[in-house]
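Engineer: Could you fit the two chains together into a complex? Lean on the hints.
Spelled out from the first residue to the last, the chains are:
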Amino acid sequence: MSAGAGRKRAAVGLTIDDLRVVGVALDGKVPDAHPRDAWTDRKLHYSLVNPSNRAKFKIIVVGTGLAGAGAAAALGELGYDVDVYSFHDVPRRAHSIAAQGGINSPRARKVDNDSIDRFVKDTVKGGDYRGREQDAYRLGEEGVRVIDHMQAIGTPFAREYGGQLATRSFGGVQVSRTYYTRGQTGQQLELAAAHALSRQVAAGHCKLHARQEMLDLIVKDGRAQGIVVRDLVSGKVRAQTAHAVILCTGGYGNIYYKATLAKNSNATAIWRAYKRGAYFGNPCFVQIHPTAIPLMSTWQSKKTLMSESLRNDGRIWAPRQKGDPRDPADIPEAERFYFLEERYPAFGNLVPRDVASRNIRERIEAGYGVGPLKNAVYLDFKTGIERLGVKLIRERYSNLFDMYEELTGENPYVTPMRIAPSVHFTMGGLWTDYDQMTSIPGLFVGGEASWAYHGANRLGANSLLSGCVDGWFTLPYAVPNYLAGLLGKAPLDHDDPVVAQTIAEVEDGIERLLRNNGTHGPDHFHAKLGAIMDVYASVSRDPEGLTKAIGLIRELREEFWRDVKVVGGSDRLNQELETAGRVADYLELAELLCVDALDRDESAGAHFRTDHEVDGEAKRDDEDWCFCSAWEYPADGGKHIRNFEPLTFRAVPLQQRNYK
Amino acid sequence: MTDEKMRLILEVWRQDGPRAEGRFETHEITDATPEMSLLELLDRLNHKLVEEDVDPVAFESDCREGICGTCGLDVNGVPHGPEDNVPACGQHVRSFKSGDTVRFEPFRAKAFPVIRDLIVDRTGLDRIIQAGGTIAVDAGTAPDADTLQVTHDEAERALDFAGCIGCGACVAACPNGAAYLFTGAKLAHLALIPHGKQERAKRARSMVAQMEHEFGPCSQIGECALACPADIPLPAIAVVNRERIRAGFKRKAN
Chain A
1 MSAGAGRKRA
11 AVGLTIDDLR
21 VVGVALDGKV
31 PDAHPRDAWT
41 DRKLHYSLVN
51 PSNRAKFKII
61 VVGTGLAGAG
71 AAAALGELGY
81 DVDVYSFHDV
91 PRRAHSIAAQ
101 GGINSPRARK
111 VDNDSIDRFV
121 KDTVKGGDYR
131 GREQDAYRLG
141 EEGVRVIDHM
151 QAIGTPFARE
161 YGGQLATRSF
171 GGVQVSRTYY
181 TRGQTGQQLE
191 LAAAHALSRQ
201 VAAGHCKLHA
211 RQEMLDLIVK
221 DGRAQGIVVR
231 DLVSGKVRAQ
241 TAHAVILCTG
251 GYGNIYYKAT
261 LAKNSNATAI
271 WRAYKRGAYF
281 GNPCFVQIHP
291 TAIPLMSTWQ
301 SKKTLMSESL
311 RNDGRIWAPR
321 QKGDPRDPAD
331 IPEAERFYFL
341 EERYPAFGNL
351 VPRDVASRNI
361 RERIEAGYGV
371 GPLKNAVYLD
381 FKTGIERLGV
391 KLIRERYSNL
401 FDMYEELTGE
411 NPYVTPMRIA
421 PSVHFTMGGL
431 WTDYDQMTSI
441 PGLFVGGEAS
451 WAYHGANRLG
461 ANSLLSGCVD
471 GWFTLPYAVP
481 NYLAGLLGKA
491 PLDHDDPVVA
501 QTIAEVEDGI
511 ERLLRNNGTH
521 GPDHFHAKLG
531 AIMDVYASVS
541 RDPEGLTKAI
551 GLIRELREEF
561 WRDVKVVGGS
571 DRLNQELETA
581 GRVADYLELA
591 ELLCVDALDR
601 DESAGAHFRT
611 DHEVDGEAKR
621 DDEDWCFCSA
631 WEYPADGGKH
641 IRNFEPLTFR
651 AVPLQQRNYK
Chain B
1 MTDEKMRLIL
11 EVWRQDGPRA
21 EGRFETHEIT
31 DATPEMSLLE
41 LLDRLNHKLV
51 EEDVDPVAFE
61 SDCREGICGT
71 CGLDVNGVPH
81 GPEDNVPACG
91 QHVRSFKSGD
101 TVRFEPFRAK
111 AFPVIRDLIV
121 DRTGLDRIIQ
131 AGGTIAVDAG
141 TAPDADTLQV
151 THDEAERALD
161 FAGCIGCGAC
171 VAACPNGAAY
181 LFTGAKLAHL
191 ALIPHGKQER
201 AKRARSMVAQ
211 MEHEFGPCSQ
221 IGECALACPA
231 DIPLPAIAVV
241 NRERIRAGFK
251 RKAN
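In order, the protein sequences belong to chains A and B.
The first sequence lines up with residues 1 to 660 when you count with this note's numbering.
The second sequence lines up with residues 1 to 254 when you count with this note's numbering.
No lab work stands behind these hints, which were simulated from the structure alone.
Since the structure is predicted, the reported quantities are computational estimates derived from the model, not experimental observations.
Don't take every hint at face value.
Claimed, not checked - Taking lysine-lysine and the BS3-like style, the derived pairs with C-alpha atoms no more than 25 Å apart in a straight line are: (1) A/220 with A/275; (2) A/236 with A/220; (3) A/258 with B/5; (4) A/374 with B/5; (5) B/110 with B/48; (6) B/252 with B/197; (7) A/565 with B/48; (8) B/48 with A/258; (9) A/258 with A/236; (10) A/258 with A/374; (11) B/202 with A/207.
Next comes chain B alone, as it looks inside the complex (with noise of 0.2 Å):
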């Protein structure tokens, strides 16, 4: 634990509702500390708004350890912060000085609508996965997972895809809003798998068709793995194409 003090001011955006109108709120902190996380500063602040009876900013995070998922927020306009592939709840204090403006801002994407303040609605990448990011084997049917041979080296890739937290930063990262990064993961993940070989091609059709439903075009700028708190690689993107182009050409389900 360090003494320093750091005195920090904050912008805040606060919304009642989806349909409300917004705006940033001025505070400071005069007693931040470098170690603190940025979600550790919020609720500093959101101590010092209850004790004034003033409604504390609504956020979201739940584990706080980097792999639910549920913190997201912009800071100065980047989403998470100011590190690279790291998610709010692992972002700190120790990248400001004192004297600095830290700006929190919900994830901005047409398909995440506010709820209040910093929360927004990210059940969007939910619906691509209800489309069909699972494998239709039920309870008990499954043979025995050692007669199913996988290389090391598949499990490995799989699982480089299957770490996506599902928190939306590469969505929010995106000039056009778009979900490839996210999509890509579960197909490449899921393809990886022995038995979501068998949907393959399927998949694909519905999961892509549900993105572009609801999220923007790929551009290839590669802002979204920038932002991935999972790393999940960049190469993600290209396999929505992949597997797309692979369904095209295919009749069957897999």
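One chain only, chain A, in its complex shape (with noise of 0.2 Å):
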């Protein structure tokens, strides 16, 4: 490893008391109802606002994925007075685009025995119980209606002969509630959503501000009032005021550098919340999804995702020989060993991607990886393509299979896929009640910037579900319940001292990476920060490692602040000022990453402690660590304080995974 090899300025001998402070139990306002009951008893005891009061309410929504765009086109629906911000130069290109194998929803038509409760039960289990069972039944019962919105509004879901809705198989489930459109499901969805928030522009509900970057929260008697944006092609950085302030600016994975994420995807709009006092849910729990097509060249910029949908029909093998110089064709069935049918028999290749990704690295860092750099396994179609024919195979995976040909100029339907893990997807941050809203009032999530519904592992299919659930089912009814309190009330005063220092701020923050001078350009101290990450907090982790990385994270702050370059103005488009911004807090954040991923003294879904395991599995220990830790910023500049939020399992008992 490059960053910081041979050091020994390294934090060793810190221990978790140097680095973290225990703070207070926190509470998540869940209803006491059955868990089953709890979002409609909630929505019975919310707040409303009369149709004639909503324009009066100014939100602000910050990002248009699925739980952005959604949110936005269903609260100007509603009548509330919507200004959206995006970096991107239209809403429609959100990452949500980007979601491959279909969206879960557990309408239970078919006679497979599925139901809510099985959902949840799904869930639940499959984030290894660091969720809040309530939250999976609302995303559960609301996820029914989800697909038939979405189909209204102009997803082309995949049908049967019939014409009745599709549905496929996805990981850590035996039941069929998989809805999709071919491999490019969230494209679907998220053009859907950003049509429909384009019908609210039209309708001058919403304002569109496109191509600015939130970069801090406005934070006035202890409520969310308005955030900061730099405008990215004038470069101008100006406040806007509201009532209530939503982010769905999606998650944090690029912290790892070279991720299946977008380019852009970033923390900043999330990281920013939490130094002005919202808290940070289980940083930790990052996941590594098991099949991307691994790094072919020094100059690839980033992974990309194979869907698990692929699972359904290809299966995961690497060869029985270590190093076999072999073709796969030559490879005999006899030398080949399908390690998750062999393992885990009861799911196979479906097992939950956790379980797979760590199996797949075990393979390749026992020296039975493929491939020219020996860093991936095989999918293998073949199996497939003999039993349901090519022209159905193509139908399903089309895309994907172009896809991959077209990256590695390869074709899958002949020789199979080579596949590694690769971080996909946070289930940490931001926390939220179970209103969706942070320890900031007036302050709300959705999507993927939240801690929400997933756990220590998220399960497939279920993100395209909790982005529309959140933003056209939650939010809209959440929000309004805050609002409602505030019928009188204008916002925050433009000329308000507090805007103007928030502002002054963000300008002093550019200036100070534009003054730097330093060597290297911002991308240089990211893939540092992404070389550590990936051998200490990823797949598994252990507390030296991560004491580790910890002290190599602190240098590589001091160096980037030390040396970091950015070349050209504030004035104009400056990609450069952009990235250094977002590398910036990547560098803070990572260190909370690392802390949380020490403090949790357990292994939980995708948070795998190598000192806490049974024959490989990972060991939760419920007696001390069934919470979600939610982290405080430490204003002083002193410990991190973590705050805990206990949870309690009524609907799905606490029980240890078993996918064997």
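Structural biologist: And the structure:
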């Protein structure tokens, strides 16, 4: 590893007590009703805003992925005055668009014994009991009509020959509840949502601010009252105030430098909200997706996902012989190790992502990797094609197969795909209560940016669902409940000293980067950070490695501020400046992620600690760790403060996961 | 990974703003490799420029998997690059040989003004959507999607058109700067969705009017479909006129 190798100044001897203090127990404000009835109960008790009063409320939505576009459109439809911000040129480019395989919904039309209760069980168990079961119920209940709505506004879901909606299976589940449009489900949902937002823009209910990046949150009197943005074309920094702010700004997986996320996906909005007082939930829960196209060259800019849906008809294997140099076609069946099928006969290739990733990484690290860099295993469609025929396989996955061939030059109809794990999704995010409101009143979060729903591991096809449910069917209920208490109050005056102060702080931060005059661009430091994270905070972690990583991150952060260089000025489009700000935030968030991973003295879902395992499987500690860690920014520069929300399970009793 | 290093001459368009004078700059990359994408070639160039304290080339990209439609530039005069029906992020250095010149320019279309270097403003496409490329169903009001029968083939055909990634290559490829492929794809897709049928004629009238307001006419040359990274079928351009004529006979919204 290049980053800091051989340096002795690393934080040797640091213990968790030197890094964090334990704060207070938090109330998630979950209704007392049975988890199954919690959402109905909550909706019944929500305050409402009269239709004639809605236009008096200004709401800011940041981000236009499934959650953001949905929330903005739905609130616009209800008659609120919504301002929408996106750093893209147009809303429809948000990264939800790249999701491939499908969207879960427990509509339970088939006789495979699906139900909302089963969906909740799968989701809670898949998340290794580190999310709220009440959240999962809301996801399942509202998920039923998400399909109706998205179909109505333009998503051409796949249909059976009889004209009914088609479904397929996804990992961690034994029923077929995933709705899809070939391998481009995210695209079709995102386009439908963005077009619905367009309709509200045309109607004058939503105002769109494209190519503007949120750089800070305005907090006054303990309430979120606006944001500060930079116009990415003119460079101008300005503020907008509102009654409420909704962040739907996605996950922070790009902290690992080369992930499957879009190049511009970043953590800046949520990180800066954190630094203004919003708690950060479970930052160490990072999903490593088992099937991505591995790195093949030095300049490869990112990794590309190959959908989990491929595991329906593809079989994962590695040669039984170490470093087998033969072409896969020349390796006889007996010398192929279908390790997921053998180790997990009940779920086979469809084990949850964390289990699949760990097993694949284990094979690669043990020397059984394939491909020129020996950094992959095979995902083979031979059996699937024999069983179903090329035509059906093409209909299910053609765009994925084409994409694979485009990127690698190899034809997966003929030769198996080479795949390897890659960072893909972050279950952690800003801590929210049951109403999706953060610890700062008036600041709401939707989609991947929040910690909700997925616990320590997200099931495949649950992310499109959570984005849609938050946007269309949760925030439009929860945000008005908050607004109702503000009737008669105008949004914060733009001349308020807090507004000027927040703008000034943002401008100072930009100036500091521009004046730094170092020797390397921000990308140089991002690459180094990724290397640290990849070694010490990936599919498996241990206290020694994490402690070392924290030391290395602190050194790298110092080095960044000593040596970063940002070419160009601030008064125009400057992509180096955008990157520099995002990398500066990653360098802080990375430390919190590692502190959380060090603090969480158990294994849970994607957080696999080698000092907490039984027979290679994650060993949870429900006695001591059955809670969400909600980290609070130490404004005084002291130790990280870990608050906690205890989690209780009534509908899905605690049990150790077993996919065997 | 190969060890093969290629030398490529990069001619890159530089332009400070919409009204500024543009110019080509020439750079040399000596360590290109065949498996690099053309955007990674620009990354390589920018890395070198930043290390030399020179302003890097502004260009757009995001997902780099061919689905977001953010990337878009001309390579040797062709939108996205030498391979047909592949977005810039999926175009590779392997299409060139060592010693070749690769010329990067912004998409050239009257409706796409240059913002900086290789970045253009493509929001004109979204103004066509805003004009009526939507379905007027509010959250929560839709009927059960299983009670609406859609045939397998109809759903597949809708998706063939709905796959448009909105990159604008069709406009850049067209000598007239027409947006027929884009608009036709949207009209065809929405006309095949059950709820989209209610406003079919009204939508055609308003979207076509907005399209003609900003973009050029169609001469049915077919360059657009060759450039299209989403493989939108060429008949989409005929859909524009079909829907326009259909709407002409209809007095109602549907």
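Engineer: Against this structure, judge whether each hint is valid.
Structural biologist: Here is how each hint holds up against the structure:
Restraint check: the Cα-Cα separation between residue 220 of chain A and residue 275 of chain A comes to about 14 Å, which is no more than 25 Å; the hinted pair holds. The hinted pair formed by residue 236 of chain A and residue 220 of chain A meets the criterion: a straight-line CA distance of about 23 Å does not exceed 25 Å. For the hint linking residue 258 of chain A to residue 5 of chain B, the alpha-carbon distance of about 23 Å falls within 25 Å, and the restraint holds. Between residue 374 of chain A and residue 5 of chain B the CA atoms are separated by roughly 21 Å; this keeps the pair inside 25 Å, and the hint holds.
For the proposed pair residue 110 of chain B and residue 48 of chain B, the alpha carbon gap of about 32 Å is over 25 Å, so the pair is violated. Restraint check: the Cα-Cα separation between residue 252 of chain B and residue 197 of chain B comes to about 12 Å, which is no more than 25 Å; the hinted pair holds. Only pairs whose Cα atoms come within 25 Å are accepted, and residue 565 of chain A paired with residue 48 of chain B is accepted, the gap being roughly 13 Å. Restraint check for residue 48 of chain B and residue 258 of chain A: satisfied, since their Cα atoms lie roughly 20 Å apart, inside the 25 Å limit.
With a C-alpha separation of about 30 Å, the suggested pair residue 258 of chain A and residue 236 of chain A falls outside the 25 Å cut-off, and the hint is violated. About 18 Å separates the Cα atoms of residue 258 of chain A and residue 374 of chain A, which keeps this hinted pair within 25 Å; it holds. Under the criterion of a C-alpha separation no larger than 25 Å, the hint pairing residue 202 of chain B with residue 207 of chain A is consistent with the structure, at around 24 Å.
Violation of the numbered hints given earlier is confined to hints 5, 9; the remaining hints are satisfied by the structure.
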